[in-house]
Amino acid sequence: MRRALLLCAVAALVAPTAALGHVILESSQPVTQSRLEAPPNEIRLRFNQAVTVSPGAIQVLAPDGTLLSGTATTSEEGRVVTAPVSRVVRGAGYTVRWRVIGGDGHAPAGVFTFGVGVPAPPPTEAVGAVAATWRDDVTRWALFVALALLIGPLVVRLVVVRGPVPARVERGFHLLGVVSAFLVIDVGIVAFVVRASNALQLPLGDLLYGDLQPFAEKTRFGIAFLAMTLGFGIVAAVLLLAWILERPELRWPALVLSLALASGLSLSGHQATEDNAGWLSQAADWLHLVAASVWAGGLVALAFLVWPLAPSLRRNAFLGFARLAVLLVGAMVLAGSYLALTRLPEASDLWQTQYGRLLLLKLGIVALALTWGAAHHFVVRPRFEAGGEPDVRHSLAGEAAVALTVLLAAAILTNAAPPPVEPPAANAGSAR
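Note that my numbering gives residue 139 to position 139 of the sequence shown, counting from 1, and the numbers run on in steps of one.
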């Protein structure tokens, strides 16, 4: 059975996708996300096959939404679509939205930007794009949960529950790790598509044929998506090998790689793009996410793997995780406090801005989780140390549920833009 699982998984990872003959944008003039020094006279799109167009197949939009393009026409046997453009001036970024009809009846569409004398705005800020929606919040939360279910149990097995364990417990850790790695990949794909759809503004049926290349290759979140998809594919393969070959030591490189890949979420969010962002804020965000993920995922492993399947391991597992939890909570509090001070420079921002109010909500949930954990640490832990065996499975499951809710609040907060920070005034004395 394990060999069959390995073969199926490897085939899914390496098998090439068959070409379906859909319309593909091969090139554009101006080039996607390019900076021009002179205003263009036309927009030119080249496709891999003949397409049918309407007069408004290409729309060039000024920053205020004004339409600057004329009627689109085709040439070179329908493979090239052009549209004249006027009133483009230096010093601004422009949006190009296009939509054509292929020979198979599908209507692929896309959006990209270019700048004249200035850098092109990212496609996520194209004219007509919308900010993050509840769908982004849900997919980001699902990604956080999948990451927690991957790295949390790995840390528990490698650091807390070391040495030989019953076969069914080992099998449970293997299965949870492999499934969670593939879940990270799948949820990441959904999150990327949802994020791109905010800019493309297409219904789901048409989104399947949308041109996502500008988002995958020209944005921070797209580059992070590509790296994380490839990286977690390697993690899944390594965990499968650890299971099939019965080489548990392979979990270590899978854990290290997973922790490194988690930085992609910090390098592509607000903490990396705001005016006051820097390497320290990105590192703090990564530490905050990793600590919360290990905490939440570790609680899940204790409540649903160790407790029901290995009664003999309960005491050592609980005491070991209790010691680790102190470090995790400390890291979360320190990193979270630094990020809050960085993103909310004024105390009044806590109740006067949407970001601040969301942060207060998250802090309330965190306080509940920490109170729950404190009860385990100061009430249950002494009973285990005294030789007792209290049954706290349901309590651990409850704390895990609250911890996963903390990840939901973190996902919503991650997608929300913090209040702008005024750049520091120039030092008058330095100009003298």
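A couple of the hints might just be wrong.
Cβ pair distances, simulated, as ranges [what the hints assert, rightly or not]:
no., residue 1, residue 2, range
1, Ala92, Gly364, 37 to 45 Å
2, Arg357, Pro390, 36 to 44 Å
3, Pro253, Leu208, 48 to 56 Å
4, Gly387, Glu249, 31 to 39 Å
5, His106, Glu37, 30 to 38 Å
6, Gln49, Glu217, 32 to 40 Å
No wet-lab data here; the hints were simulated from the structure. Here a beta-carbon is modelled for each residue, glycine too, at the ideal position from N, C-alpha and C.
Hint check:
1. Ala92 / Gly364: 37 to 45 Å: Holds, since Ala92 and Gly364 (Cβ atoms, about 44 Å apart) stay within the stated range.
2. Arg357 / Pro390: 36 to 44 Å: With a Cβ separation near 38 Å, Arg357 and Pro390 satisfy 36 to 44 Å, so the hint holds.
3. Pro253 / Leu208: 48 to 56 Å: Violated, since Pro253 and Leu208 (Cβ atoms, about 35 Å apart) do not stay within the stated range.
4. Gly387 / Glu249: 31 to 39 Å: holds (33 Å)
5. His106 / Glu37: 30 to 38 Å: holds (37 Å)
6. Gln49 / Glu217: 32 to 40 Å: violated (22 Å)
Consistency note: the structure conflicts with the earlier hints numbered 3, 6.
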